[in-house]
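**Student:** Each chain, written out:
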Amino acid sequence: MKLDSMYQEIILDHYRNPHHKGLRDAYGAEVHHINPTCGDEVTLRVHLTDPQRGEDALVRDVSYESAGCSISQASASVMSDLVIGKSVAEALKVGDAFLELMQSKGEAEGDEDVLEDAVAFAGVSKFPARVKCALLSWMAFKDAAAQALATTTKETEQ
Amino acid sequence: MSLDVELIRKDFPILERKVGDGKALVYLDSAASSQKPRQVIDAMSDYYALHHSNVHRGVHALAEEATALYEGARDKVAAFINAPDRNEVIFTKNSSEALNLVASVLGWAGEPYGLGPGDRVVITQMEHHSNIVPWQLTTQRSGAELAWLKLTDDGRLDLSDLDELINENTKVVAVVHVSNILGTLNPLDVIVRRAHDVGAIVVVDASQSAPHIPLDVQALGADFVAFTGHKMLGPTGIGVLWGRAELLNELPPFLGGGEMVGTVDMEGSTYAPIPHKYEAGTMPIAEAVGLGAAVDYLTALGMANVAEHEHEIVSYALERLQSVEGLRIIGPQTPEAHGAAISFTLEVAGLGEIHPHDVGQVLDEQGIAVRVGQHCARPVCVRYGIPATTRASFSVYTTKAEIDALVEGLEYVKRFFGA
Ligand SMILES: Cc1ncc(COP(=O)(O)O)c(C=O)c1O
Chain A
0 MKLDSMYQEI
10 ILDHYRNPHH
20 KGLRDAYGAE
30 VHHINPTCGD
40 EVTLRVHLTD
50 PQRGEDALVR
60 DVSYESAGCS
70 ISQASASVMS
80 DLVIGKSVAE
90 ALKVGDAFLE
100 LMQSKGEAEG
110 DEDVLEDAVA
120 FAGVSKFPAR
130 VKCALLSWMA
140 FKDAAAQALA
150 TTTKETEQ
Chain B
0 MSLDVELIRK
10 DFPILERKVG
20 DGKALVYLDS
30 AASSQKPRQV
40 IDAMSDYYAL
50 HHSNVHRGVH
60 ALAEEATALY
70 EGARDKVAAF
80 INAPDRNEVI
90 FTKNSSEALN
100 LVASVLGWAG
110 EPYGLGPGDR
120 VVITQMEHHS
130 NIVPWQLTTQ
140 RSGAELAWLK
150 LTDDGRLDLS
160 DLDELINENT
170 KVVAVVHVSN
180 ILGTLNPLDV
190 IVRRAHDVGA
200 IVVVDASQSA
210 PHIPLDVQAL
220 GADFVAFTGH
230 KMLGPTGIGV
240 LWGRAELLNE
250 LPPFLGGGEM
260 VGTVDMEGST
270 YAPIPHKYEA
280 GTMPIAEAVG
290 LGAAVDYLTA
300 LGMANVAEHE
310 HEIVSYALER
320 LQSVEGLRII
330 GPQTPEAHGA
340 AISFTLEVAG
350 LGEIHPHDVG
360 QVLDEQGIAV
370 RVGQHCARPV
380 CVRYGIPATT
390 RASFSVYTTK
400 AEIDALVEGL
410 EYVKRFFGA
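Chains as they are written, first to last, in numbering that gives the first Met the number 0: chain A, 0 to 157; chain B, 0 to 418.
Every clue listed holds true.
Think about it this way: if two alpha-carbon atoms lie no more than 27 Å apart in a straight line, the pair counts; the simulated DSS-like pairs of lysine-lysine are:
| no. | chain 1 | residue 1 | chain 2 | residue 2 |
| --- | --- | --- | --- | --- |
| 1 | B | K17 | B | K413 |
| 2 | B | K399 | B | K22 |
| 3 | A | K125 | A | K104 |
| 4 | B | K413 | A | K1 |
| 5 | A | K125 | B | K413 |
| 6 | B | K17 | A | K1 |
| 7 | B | K413 | A | K20 |
| 8 | B | K22 | A | K1 |
| 9 | B | K17 | A | K125 |
| 10 | A | K85 | A | K131 |
| 11 | A | K20 | A | K92 |
| 12 | B | K22 | A | K104 |
| 13 | B | K17 | B | K399 |
| 14 | A | K104 | B | K17 |
| 15 | B | K22 | B | K413 |
| 16 | A | K1 | A | K104 |
| 17 | A | K131 | A | K92 |
| 18 | B | K22 | B | K9 |
| 19 | A | K125 | A | K1 |
| 20 | A | K131 | A | K1 |
| 21 | B | K399 | B | K9 |
| 22 | A | K20 | A | K85 |
| 23 | A | K104 | A | K131 |
| 24 | B | K75 | B | K92 |
| 25 | A | K131 | A | K20 |
| 26 | B | K22 | A | K125 |
| 27 | A | K125 | A | K92 |
| 28 | A | K92 | A | K104 |
| 29 | B | K413 | A | K131 |
Hint data in this document are derived by calculation from the structure and do not stem from the laboratory.
Okay, chain A solo, but in the shape it has when bound:
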């Protein structure tokens, strides 16, 4: 059934029991992203260790508050699992791989070594209306990480 290819058990598990959800106090940047077509919203915070190291800085924590469909909720959960503990550069690389998977229109399977649980979203790429839901938190992370780095750069320049 087509539906099962989208709603993988892993996705439903993350949806029912999201990881890293709830905003935490230590953070370098906070962003708010929305998906206007369906009203999914996410407020996301990124906390970096040693942000002055630029993209080598470590993603120490990602926390978020979100409202939206199962796909956007599960994706935020999987994303935060994946990026916490990686360097910004590594995390962004995983984000690029995820974006590529989402744009594959059901053709790609995704590299499990890189994407781990996020390969479960391969089926979502067959549903154009839902791709944005899956990408929402990744876009928010990318934006927040860039802002967290930019603020620090400014501070160190001063």
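Position chain B with the ligand relative to chain A; hints supplied.
**Tutor:** Using the frame of chain A, we list chain B with the ligand on its own:
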């Protein structure tokens, strides 16, 4: 007289098709766009196969036939809404363009109609974005103020401050007849009376009423009425603005171009009489012909019968939906003064609310088409503190069996996501 829905369904070829892996289509998204009967499809293909030419500008046989068909569609629409004068029927692209037309020309007009600092435009919190944004644009540009009627908890207009909101400074009141998200049928008589007491122009967005209930612009008493062809069994690309002749004659033109002019000199131009003054360039001729056929179809059914059928469907749907555990109707809970759309949210024990996107996706797998999201009415979602809704909406071809299918589908959705 009640409608013979089984007979009606035979006129709609699309209702026979299967979706997904061979599921019968249950189309409950007519408020977004209705399906089309063969009569409309045939009228448009006959037009192109046999009669097409540009209108109003040739002396040859086809030009005359095309013009007669295009202007004939105007006559049909005028009769359908009981317009006192056929020249008051302006063809547009859709409701949005019709509403933008009114909002723009009222912004540009001189005294006594024009908007400026100190003037007020009143809308409502339940408008479609198409009846919000044009008024934001025109008030921002002219310096007029925008105010709005709010909503009650049960999805109706809060009229308690009607007299303060629609005050002496109010020049325009723009209000939806039937809400596309809540289904509410608004008491326009009260609003029109108050607006006219203070000398304001009343603009009615009839996008969701024209397809479903008898629409008599004279009885309504408004000054402008907008609706859109594709929601009333007609094609996309055609809408209607009805306006009082004396206003249309005095207000400035909207778009400039061919056919909307009298004479053109390099220094300036004069404008054609209405309706052509507001129909610049080559119009959607085939679409107008299709709308004429749709109006014929609805007229043959009888709008009173259409209203009766849909009232029965809405009453049944409200009752059945309210029996679904965890389902909350957003909007009026009872069928009185209710249009042909019902919005709701769905909760499942232990998980909370299932997002409408997920509800719609799982219903789709069963062949059931509903609309999910904010329905171009975000302020309504904000008012009720919800991210979005699932909406089921109905038309002349909707059956009670389809409502049953929806209810079963929703039970399946709950089982699917339930832990
Ligand atoms: C109440 C209402 N007003 C305006 C519109 C806009 O219609 P259209 O998109 O055809 O311009 C719609 C349809 O979406 C509607 O439901």
